[in-house]
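S.K.: Protein chains in written order, with this note's numbering: chain A, 1 to 448; chain B, 1 to 254.
If you're looking for bench data, these hints aren't it; they were derived computationally from the structure.
Since we're looking at a predicted model, the values are computed, not measured.
Incorrect hints may appear among the rest.
[What the hints assert, rightly or not] Here are the computed distance ranges between Cβ atoms for each label pair:
1) 54(B) x 165(A): 42 to 48 angstroms
2) 417(A) x 54(B): 31 to 37 angstroms
3) 417(A) x 180(B): 53 to 59 angstroms
4) 116(B) x 295(A): 33 to 39 angstroms
5) 116(B) x 377(A): 42 to 48 angstroms
6) 385(A) x 119(B): 27 to 33 angstroms
7) 119(B) x 429(A): 17 to 23 angstroms
8) 346(A) x 180(B): 18 to 24 angstroms
9) 67(A) x 11(B): 38 to 44 angstroms
10) 11(B) x 421(A): 55 to 61 angstroms
11) 295(A) x 11(B): 44 to 50 angstroms
12) 134(B) x 386(A): 29 to 35 angstroms
[To be verified] Lysine-lysine pairs mimicking BS3-like chemistry, simulated, CA-CA at most 25 angstroms apart:
13) 430(A) x 129(B)
14) 67(A) x 348(A)
15) 333(A) x 67(A)
16) 102(B) x 141(B)
17) 225(B) x 430(A)
18) 225(B) x 3(B)
In this text, a Cβ means the ideal position worked out from N, Cα and C, and glycines have one as well.
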Amino acid sequence: MTLNVARIPRNTARHLTQYRDDWHHLAEHQEGYMSGFDAHHDLRRAAWEEFERIGFPVHRRDNELWKYTDLRQIDRIGFRFGDWDTQVDLARIAELVPMPEEWSNLVFINGSLEHNSGNAPLTRIQACDWVGKLADYRSNGFVSLATAFMRIRGGSYLQFDRAREYAEPVHIIHVIDGSVGGPIVDNPRIAVEMGDSSRATLIESYVSLSEDVHMTLPVVEIKLGEGAELTHYRYQYNSENSYHFATTRVLQEASSNYRSTSFSVGSDIGRNDVFTHLIGEYAESILHGVYLATNQQHQDNEISTTHAAPHCTSDQYYKGILSGQSRAVFSGKITVERGAQKTDANQKDLNLLLSHGAEVDTKPSLEIYADDVKCGHGATAGYVDEDTLFYLQSRGVDYDTAQAMLIRGFAAEILDEYEDQILREFLEGKLDELMPALQETSDTIGTA
Amino acid sequence: MLKIENLHAAVTDSEEEILKGIDLQVKPGEVHAIMGPNGSGKSTLANVLMGKSAYTVTQGDITVDGESIVEMMPDERAHLGMFLAMQYPSEVPGVRPWQFLKAAKDAIDDANGEKKMSVRQFSKLFDEKVEEIGINPDLIKRSLNEGFSGGEKKRNEMLQMHVLDPRIAIMDETDSGLDIDALQAVADGVNRMRSPERSFVIVTHYQRLLHYVRPDIVHVLVDGKIVETGDASLAERVEQNGYRDYLAAQRNGK
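Modelling step: build the complete structure from the supplied sequences, incorporating the hints.
M.R.: Here you go:
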């Protein structure tokens with residue numbers, strides 16, 4: 001148990017004054033932002049005050065949650081929040097993410113909704129009376145900052161009606177274009193409410209239109225009613241110089257089924273913080289993902305599930321592919337509360353290291369307060385197997401092709417789970433596209 | 001076609017010498033058996049022929065049609081028509097046997113200036129061979145060798161050999177750990193491929209497989225050297241007497 005919140009030093013944001021100016025500016029210029037008309041006025045103010053107090057979690061001592069992720073370089077950059085004028089070029093965006101007609105595609109550029117095709121049950125985040133209830137702005141400076149700057153005319157509030165099956169996947173695309181000024185921050189906000197026995201597919205995509213330094217702080221809150229089923233795909237490929245800190249909080253009632261599969265490509269520092277809370281019996285929570293990093297990139301996965309009711313199932317399964325001098329963190333946590341008997345929980349993190357300079361820190365943690373449970377966990381990090389490479393090469397495929405086959409094969413186990421063929425093929429193509437970058441910085445193996 | 005001259009090879013990491021001067025000549029159409037006790041270097045020889053980086057050739061030469069292959073990568077050797085059926089084929093998660101074999105076949109055809117097979121042509125060939133070798137078609141849909149039994153792995157090696165159609169097929173202890181049905185299947189596979197243009201080098205500890213695949217020439221390998229060469233009757237003699245006499249001779253410093 002760590003209860004060292006009180007020990008977090010104050011005011012660790014170096015550019016606090018600038019963030020404060022931006023916050024006041026936004027408050028003055030967005031209608032209703034600070035006035036009583038806006039339902040989230042108090043939340044924003046409280047979140048801002050929290051950020052003033054805690055800043056970014058940059059300190060290196062007694063900071064277990066950020067032990068392997070050094071944020072000092074982020075604190076040195078004075079990021080800007082604001083309403084940016086953006087040019088919409090859907091053709092360019094369609095090159096970065098699939099936007100098939102069968103999906104409901106919502107395109108946000110620098111936070112504002114610029115395109116909406118299909119029939120997504122979408123309203124503005126302003127209408128959601130529980131926003132901020134799952135993602136606590138006190139969790140860390142990123143969530144407080146994202147909440148403090150929550151837009152009135154931004155965000156997505158999706159309400160899926162009870163007992164209804166939505167065949168059309170909802171694809172929320174957040175595009176960040178840093179060329180408008182900057183270095184800019186985008187703080188996408190998504191709230192999803194799945195009515196009892198509803199069924200839907202949600203796809204979240206994060207891409208960059210520019211190579212400059214920028215930061216994306218998505219906060220996603222999802223509620224699943226009894227027997228609801230959500231298939232949630234996540235695609236994150238912001239540019240090399242960017243920062244991405246995503247927070248996803250999921251609350252699951254009885255017999256609900258949440259299946260999340262993510263594909264994350266390293267930005268400079270990326271962190272995917274996911275928490276699923278199983279509060280009703282027989283709920284199921286599946287958290288799977290692939291993360292890739294090359295060069296100096298850093299990928300942090302903070303994956304946590306709490307079983308608060310009996311007979312629930314959870315499965316965390318992540319696979320990392322790391323090359324160059326990249327670094328990954330996998331911090332997987334399973335908590336089984338008292339009374340959550342017959343829990344079946346699994347956790348696995350497997351890493352394929354393509355270079356000697358790559359590193360992964362895996363930190364499994366199980367906290368179990370019930371006695372009749374099944375919990376398994378495992379973690380590995382290994383280089384490409386030389387015998388296997390020899391085996392493939394001996395059949396006539398060259399070294400690079402053989403290595404690429406093994407990398408693809410390693411990721412396939414997760415990618416094969418993408419039931420949506422368009423998305424799966426897109427991601428397989430993306431992996432192939434990234435292959436040269438992964439292989440160029442690879443130095444582990446050689447058969448000569 | 002395949003010529004080995006005074007071949008010395010060592011473990012790359014430890015520099016321990018395993019092969020201590022091997023001479024061998026394999027002509028088109030011949031089936032050679034290499035027999036020997038455990039640790040004699042049989043498997044090392046098979047792997048060195050295919051270019052495994054865990055071993056380094058320290059002296060001597062290996063040529064195919066007069067061209068030295070010692071500096072060649074394993075894939076380049078495959079392009080020349082060499083094939084090694086492995087003793088312990090790797091399990092390769094996420095790689096489908098069909099896709100892998102198509103890529104291998106394309107690479108070999110491409111290197112030899114031949115046109116790649118269309119997907120349809122290749123599928124036809126693949127399906128024929130799967131049936132001929134008696135592989136459970138469900139297995140082929142899985143990842144390469146993953147969860148295959150020992151016998152299934154060896155049959156899968158035969159499938160690859162049949163599809164890739166090599167000129168020089170090396171088989172490393174393909175008979176080890178096989179039940180009689182699987183052994184029969186492997187032997188049938190080899191016999192069907194015997195032709196005046198193709199040669200085999202069969203590495204084996206026991207002569208079980210040689211009951212079904214009759215070799216033209218048998219070599220006995222002890223401590224990294226060939227100590228005796230003969231016809232098929234040599235294999236029978238080894239079966240009766242074991243390797244005792246060879247090992248005793250080695251201990252006595254010959």
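S.K.: Confirm or reject each hint.
M.R.: Verification of the supplied hints:
1. 54(B) x 165(A): 42 to 48 angstroms: violated (55 angstroms)
2. 417(A) x 54(B): 31 to 37 angstroms: Since the Cβ atoms of residue 417(A) and residue 54(B) sit about 35 angstroms apart, the hinted range of 31 to 37 angstroms holds.
3. 417(A) x 180(B): 53 to 59 angstroms: violated (41 angstroms)
4. 116(B) x 295(A): 33 to 39 angstroms: At 35 angstroms between Cβs, range holds.
5. 116(B) x 377(A): 42 to 48 angstroms: holds (45 angstroms)
6. 385(A) x 119(B): 27 to 33 angstroms: holds (29 angstroms)
7. 119(B) x 429(A): 17 to 23 angstroms: Holds, at about 18 angstroms.
8. 346(A) x 180(B): 18 to 24 angstroms: violated (40 angstroms)
9. 67(A) x 11(B): 38 to 44 angstroms: holds (41 angstroms)
10. 11(B) x 421(A): 55 to 61 angstroms: Since the Cβ atoms of residue 11(B) and residue 421(A) sit about 48 angstroms apart, the hinted range of 55 to 61 angstroms is violated.
11. 295(A) x 11(B): 44 to 50 angstroms: violated (35 angstroms)
12. 134(B) x 386(A): 29 to 35 angstroms: holds (32 angstroms)
13. 430(A) x 129(B): Given pair residue 430(A), residue 129(B) is violated - Cα atoms ~34 angstroms apart, limit 25 angstroms.
14. 67(A) x 348(A): Between residue 67(A) and residue 348(A) the Cα gap is close to 20 angstroms, so the pair holds against 25 angstroms.
15. 333(A) x 67(A): holds (15 angstroms)
16. 102(B) x 141(B): Holds, at about 14 angstroms.
17. 225(B) x 430(A): With Cα atoms ~51 angstroms apart, residue 225(B) and residue 430(A) exceed 25 angstroms; violated.
18. 225(B) x 3(B): Within the cut-off at roughly 15 angstroms; holds.
Violated hints for the displayed structure, listed by number in ascending order: 1, 3, 8, 10, 11, 13 and 17.
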